Structures are given as C-alpha cells and as structure tokens.
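Enquirer: Protein sequences appear in the order of chains B and G. In terms of the working numbering, the first sequence opens at residue 19 and continues consecutively. In terms of the working numbering, the second sequence opens at residue 7 and continues consecutively.
Among the hints, erroneous ones may be present.
[What the hints assert, rightly or not] Label pairs and their calculated CB-CB ranges: (1) 69(B) with 34(G): 37 to 47 Å; (2) 67(G) with 64(B): 40 to 50 Å; (3) 63(B) with 14(G): 39 to 49 Å; (4) 32(B) with 72(G): 25 to 35 Å; (5) 13(G) with 82(B): 36 to 46 Å; (6) 127(B) with 74(G): 41 to 51 Å; (7) 13(G) with 123(B): 21 to 31 Å.
Honestly, the hints are just simulated from the structure, not real lab data. No experiment lies behind these values; they were computed from the predicted model shown. A virtual CB, placed ideally from N, CA and C, is assigned to each residue, including glycine.
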Amino acid sequence: AQRVTQPEKLLSVFKGAPVELKCNYSYSGSPELFWYVQYSRQRLQLLLRHISRESIKGFTADLNKGETSFHLKKPFAQEEDSAMYYCALSGTGANSKLTFGKGITLSVRP
Amino acid sequence: GAGVSQTPSNKVTEKGKYVELRCDPISGHTALYWYRQSLGQGPEFLIYFQGTGAADDSGLPNDRFFAVRPEGSVSTLKIQRTERGDSAVYLCASSPRGTVNTGELFFGEGSRLTVL
Numbered sequence: 019a020q021r022v023t024q025p026e027k028l029l030s031v032f033k034g035a036p037v038e039l040k041c042n043y044s045y046s047g048s049p050e051l052f053w054y055v056q057y058s059r060q061r062l063q064l065l066l067r068h069i070s071r072e073s074i075k076g077f078t079a080d081l082n083k084g085e086t087s088f089h090l091k092k093p094f095a096q097e098e099d100s101a102m103y104y105c106a107l108s109g110t111g112a113n114s115k116l117t118f119g120k121g122i123t124l125s126v127r128p
Numbered sequence: 007g008a009g010v011s012q013t014p015s016n017k018v019t020e021k022g023k024y025v026e027l028r029c030d031p032i033s034g035h036t037a038l039y040w041y042r043q044s045l046g047q048g049p050e051f052l053i054y055f056q057g058t059g060a061a062d063d064s065g066l067p068n069d070r071f072f073a074v075r076p077e078g079s080v081s082t083l084k085i086q087r088t089e090r091g092d093s094a095v096y097l098c099a100s101s102p103r104g105t106v107n108t109g110e111l112f113f114g115e116g117s118r119l120t121v122l
C-alpha cells in the first residue's frame with residue numbers, strides 16, 4: 019500500500035519568510051515523489067518532481083529515504099505562492115497510480 | 007489550445023438518480039485517470055485507463071461506479087443510484103505516457119457533483 023501524509027492543514031507566513039511544507043510517505047519499494055499545486059480558481063498542476071532535482075518558482079524538495087520524507091521548501095515566500103499544495107507518490111510499476119496527500123493551504127501575507 | 011475538458015462543471019441531482027460525467031483528454035494522451043476530491047481531502051484515485059482498457063480500477067468504491075473509454079479518447083464516469091456521500095468534485099487527468107512516474111498528469115477543472 020502507498021500512503022502520503024501531510025501533517026498540517028494550513029501554514030500562514032509573512033512575505034519574505036522561509037517556508038517548509040511537510041510530506042511523509044509510506045511505500046514498500048522505491049517511490050517517485052511529486053508536489054502538485056492549485057492556485058485560486060485554477061486547475062491542479064505539477065510543481066516539481068524529485069527525479070528532476072529541479073527548482074521551480076524558487077521551491078525545492080529533497081527526497082529523504084531514511085526519514086521517508088519529501089518536504090517542500092522555499093527560502094523567501096512571495097504572496098503569489100499562496101495556494102493549495104499536494105504531495106503525491108507513485109510506485110515504479112508500469113501501471114502505477116498517483117496517490118495524493120490531503121494537501122496544505124499556504125497563505126503568504128504582505 | 008485545449009487542456010483536459012470536463013462536463014458538466016456542476017451537477018445537482020437527487021438521491022437515487024443516475025449521473026454521467028464526461029472527460030475529454032488532451033489529444034494524443036494515451037493515459038486517462040479519474041479522481042474524486044471530497045471537501046478538505048486530497049484527490050482520491052478511482053480508475054486509470056491505458057487506451058481503451060481500464061488498467062487499474064481498484065479505486066472505484068463500489069459497483070455503483072463505472073467508467074468507460076470506448077475509443078481511447080473521451081471517457082465517461084457513470085454513477086448509479088447516487089447517494090449523498092457521492093457529493094464531491096470529480097477530477098479527470100490525462101498523460102502522454104503510460105506511467106505517471108516519468109510524466110506529469112494534466113488535470114481538468116473538475117465536475118462538482120451535489121447529491122441532495
């Protein structure tokens with residue numbers, strides 16, 4: 019079974035503050051991890067994936083297999099980062115599905 | 007420049023009625039997924055199509071739910087004898103590849119179903 023846990027429902031920070039959105043997972047094999055984002059009145063979209071090791075909009079996420087975590091971080095939050103963020107996990111099989119966490123609302127205040 | 011299109015965007019029905027939700031994926035995308043999102047929850051997997059066949063329907067909650075993709079493009083999610091607990095946003099997503107772990111899912115805006 020694959021499971022994604024996002025322990026917090028809401029994170030509220032001031033503009034310019036650091037952000038860390040927590041994600042823990044449970045999976046017996048080698049997972050692929052993703053962060054998806056949904057801005058107000060927009061559709062759910064991919065933010066970043068761990069295999070790409072990329073920084074998107076200043077966000078990064080490192081897969082820590084020892085702690086089974088994939089926390090999303092940004093050193094200086096911007097107001098436009100306010101959105102709903104979902105951590106997601108996929109197995110590596112041919113027909114693997116994407117399993118989402120419950121999501122966290124990030125609110126960046128001016 | 008079409009993304010994933012879902013109709014209707016909103017559907018209000020009465021308990022016990024039959025409902026169909028339609029998804030038109032991005033042209034050329036072979037993989038199609040249905041998810042359900044209840045209030046305060048993340049998207050919950052329902053079913054995945056690779057071409058015309060359902061590769062994984064393990065997320066369908068019971069036999070009142072059924073989905074088809076007869077020509078490998080448009081898909082219809084069918085819910086029989088709707089219950090109030092079926093109220094949710096039903097999301098469709100497509101992908102150009104057969105596996106999620108190398109590509110991303112492109113989501114539609116969802117169909118909001120309310121069962122009175």
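Enquirer: Holds or violated: the 36 to 46 Å window for the beta-carbon distance between residue 13(G) and residue 82(B)?
Expert: With Cβ atoms ~42 Å apart, the hint holds.
Enquirer: Is 39 to 49 Å respected by the C-beta to C-beta distance linking residue 63(B) and residue 14(G)?
Expert: Given range 39 to 49 Å: violated, Cβ gap about 22 Å.
Enquirer: Taking 40 to 50 Å as the stated bounds, is the beta-carbon spacing between residue 67(G) and residue 64(B) within them?
Expert: This hint is violated: roughly 26 Å between Cβ atoms.
Enquirer: Given a hinted range of 25 to 35 Å, is it respected by the beta-carbon distance of residue 32(B) and residue 72(G)?
Expert: The hint (25 to 35 Å, Cβ to Cβ) is violated, given that residue 32(B) and residue 72(G) are roughly 49 Å apart.
Enquirer: Using the beta carbons of residue 13(G) and residue 123(B), state whether their distance is inside 21 to 31 Å or not.
Expert: 28 Å, holds
Enquirer: Go ahead and decide if the range 37 to 47 Å is satisfied by the Cβ distance of residue 69(B) to residue 34(G).
Expert: This hint is violated: roughly 23 Å between Cβ atoms.
Enquirer: Quick one: are residue 127(B) and residue 74(G) within 41 to 51 Å, going by C-beta?
Expert: 47 Å, holds
When the structure is compared with the earlier hints, violations turn up for hints 1, 2, 3 and 4 and for no others.
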